[in-house]
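**Q** In order, the protein sequences belong to chains A and B. For the first sequence, position 6 (counting from the first letter as 1) is numbered 5 according to numbering that gives the first Met the number 0, and the numbering increases by one without interruption. For the second sequence, position 184 (counting from the first letter as 1) is numbered 183 according to numbering that gives the first Met the number 0, and the numbering increases by one without interruption.
Hints were generated in silico from the structure; no laboratory data involved. Every value quoted in this text rests on a predicted model; they were computed, and no experiment measured them. Be careful, since some hints might not be right.
Negatives, chain A to chain B, calculated, CB over 12 angstroms [what the hints assert, rightly or not]:
(1) G37
(2) D57
(3) R66
(4) P69
(5) H92
(6) E102
(7) H121
(8) D133
(9) S137
(10) A183
(11) K189
(12) G227
(13) S229
(14) D255
(15) E261
(16) P301
Distance windows between CB atoms, simulated [as the list claims (entries may be wrong)]:
(17) B/S190 x A/R282: 45 to 51 angstroms
(18) B/A287 x A/K270: 38 to 44 angstroms
(19) A/A35 x B/K266: 43 to 49 angstroms
(20) A/P155 x B/G268: 27 to 33 angstroms
(21) B/G264 x A/P22: 25 to 31 angstroms
(22) A/G299 x B/D157: 43 to 49 angstroms
Okay, the calculated bits of chain A under chain B, using three or more residues with CB under 8 angstroms as the criterion [unchecked claim]:
(23) 38-45
(24) 202-215
Built from N, CA and C at the ideal position, the CB exists for glycine as well.
There are 2 protein chains.
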Amino acid sequence: MTQILISEVGPRDGLQSIRSILPLEAKCAWVAAEYAAGVREIEVGSFVPAKLLPQLADTGDVVRFARTLPGLTVAVLVPNLEGAQAAVEAGAHKITVPVSVSETHSLRNIRRTHEQIVAETHAIAELIASLPEDRRPSLEGGLSTAFGCTLEGAVPADRVVALAEQLMRAGCDEVGLADTTGYANPTQIKSLVRRIRGAVGEHALNGLHLHNTRGLGLANVLAGLDVGISTFDSSLGGLGGCPFAPGASGNIVTEDLVFMLEAMGLKTGIKLEGLFAAREVLRKALPATDELYGFTPLAGLPLGFRQ
Amino acid sequence: MTQILISEVGPRDGLQSIRSILPLEAKCAWVAAEYAAGVREIEVGSFVPAKLLPQLADTGDVVRFARTLPGLTVAVLVPNLEGAQAAVEAGAHKITVPVSVSETHSLRNIRRTHEQIVAETHAIAELIASLPEDRRPSLEGGLSTAFGCTLEGAVPADRVVALAEQLMRAGCDEVGLADTTGYANPTQIKSLVRRIRGAVGEHALNGLHLHNTRGLGLANVLAGLDVGISTFDSSLGGLGGCPFAPGASGNIVTEDLVFMLEAMGLKTGIKLEGLFAAREVLRKALPATDELYGFTPLAGLPLGFRQ
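Use the sequences and the hints to build the structure in full.
**A** This is the structure:
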């Protein structure tokens, strides 16, 4: 039985995409409900200036709460050294630095060139290395727009490879590939995963962050599984996407993803009934105008389906 | 470049699932618009008593129109010998007899046991054999609920195999597998396709009819491609599903399916812009209460995407 890690990104990617600001208690209840369902990695927020993303201003508090849940990997996004310092202080287990392979998108998203962000990643790696060993978070370079960009169009695979290599040299433990714009197709997923692994090593690429913008999200997961990917980001109720890439919307839905993997006989450690309960926790916390997505919660589980 | 055949089933499966009755002209305009986009197989209707499905009462006329489009395979569904006679008279190129592997579903759907439907299929095959060679439609046994049933739950693969063998002995040219209830997962698709092909021969199973009830439709297509399936049913705007299987809804969406296949470098012969135009033809013909589905038409094609 192959074990697959689901990394829930809703509390970060979902909340940064909607206007509503959830109170800290609602965020903690959401994280706790997913933990109760069996989710063991959650990206709980982002350390960015509160004036840019007021929705995530209390990320430090969410990290501190999430750390009380035994066995949970508490992940956060940080755009720079200052954010990394805050993440370390709060006690995050995993730090992802988003790097858009499309430099146009990078400038628009975090106002940095590739050179600047690689240098910043190196500074973050040095900060981590300076910590006592038991306090060091893992460091991931998150290669966004890796499969194409709504501003630049096609993104050459060579550029993804080059940036992955630079990020590993800068001190990342691993890189991840993100289909920020929902441009990816299964053939491209397989070929790019193979190329990146060929360049940075089999164990330096484990995760895919996929969107369902054109309905191909789960087909792309299947392609990832075929080439050995074992970690998938997803969002409860499909909340979120990327607000800075016009036309791109919709993380893959955790409920549908877990249903597919479990139905295939893979192990996620997550109970679907628990996820449906977490979805209700989230729904009650959100204003009615914020829509939740996903097919399996509406259709229900197949008659006689057992996990 | 692998060629994939898309069999559009909206005019049959879609229209039988909604209350609205489209006028003949609207059906013909829809068929013509899909043909103009490059679609080369369309299931245009079903020969069933008009009192059961008044939406499809003019199927004969739709067949006669569709036959005027050069190179189009005009397919129809027929539940019995009487329907097959009407199909032959109208000049359909392909006849599918739906056979639900779940006998409970079969009784509810067409009020026939397996024994009765196999005997009926045999009679249809004899009718076809009695025709001059150039007027013989091809005959497919459509194995519905092959991946599970909302009334019976899991459907044993042995039963699907046995029924496929009976239908081929009864005189079918091929069988198809239908996930009527949206229960299928990619692992099951691969294993059932391999089993059925092992039993009835490589060339006697070419087509899958998949639903997106739990969001796995395109992932299941990908699994089908992996085991050599070359024909996929889908519905423009995802219209339809199976009205007799409670909780089951949603054919896979032609627009998203064609986008995925073309993006992967496979050839469907279908232009996406033409499909989007056909979608507008359909939308204008339907009352506003009948929703259309699909992600690609809303998101648009990726920047710089070329077919």
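**Q** Confirm or reject each hint.
**A** Taking the hints in turn, this is what the structure says about them:
1. G37: Label holds. Min Cβ-Cβ 19 angstroms, cutoff 12 angstroms.
2. D57: A/D57 clear of chain B: closest Cβ-Cβ about 32 angstroms, beyond 12 angstroms.
3. R66: Nearest chain B Cβ is 33 angstroms from A/R66, so the label holds.
4. P69: holds (32 angstroms)
5. H92: Nearest chain B Cβ is 30 angstroms from A/H92, so the label holds.
6. E102: holds (15 angstroms)
7. H121: The assertion about A/H121 holds, with a minimum of 32 angstroms to chain B.
8. D133: Consistent with the label, A/D133 stays out of reach of chain B, its closest Cβ about 40 angstroms off (over 12 angstroms).
9. S137: holds (30 angstroms)
10. A183: The assertion about A/A183 is violated, with a minimum of 8 angstroms to chain B.
11. K189: violated (10 angstroms)
12. G227: Since the minimum Cβ distance to chain B is about 16 angstroms, A/G227 lies beyond 12 angstroms and the statement holds.
13. S229: The claim stands: A/S229 keeps its Cβ more than 12 angstroms from every Cβ of chain B (closest is about 16 angstroms).
14. D255: violated (4 angstroms)
15. E261: A/E261 not clear of chain B: closest Cβ-Cβ about 9 angstroms, inside 12 angstroms.
16. P301: violated (5 angstroms)
17. B/S190 x A/R282: 45 to 51 angstroms: Since the Cβ atoms of B/S190 and A/R282 sit about 36 angstroms apart, the hinted range of 45 to 51 angstroms is violated.
18. B/A287 x A/K270: 38 to 44 angstroms: Distance hint for B/A287, A/K270 holds at roughly 40 angstroms.
19. A/A35 x B/K266: 43 to 49 angstroms: holds (48 angstroms)
20. A/P155 x B/G268: 27 to 33 angstroms: Holds, since A/P155 and B/G268 (Cβ atoms, about 29 angstroms apart) stay within the stated range.
21. B/G264 x A/P22: 25 to 31 angstroms: violated (48 angstroms)
22. A/G299 x B/D157: 43 to 49 angstroms: violated (27 angstroms)
23. 38-45: violated (count 0)
24. 202-215: Holds: 5 residues of the region 202-215 of chain A have a Cβ under 8 angstroms from chain B.
The structure is inconsistent with the numbered hints 10, 11, 14, 15, 16, 17, 21, 22, 23, although it conforms to all the rest.
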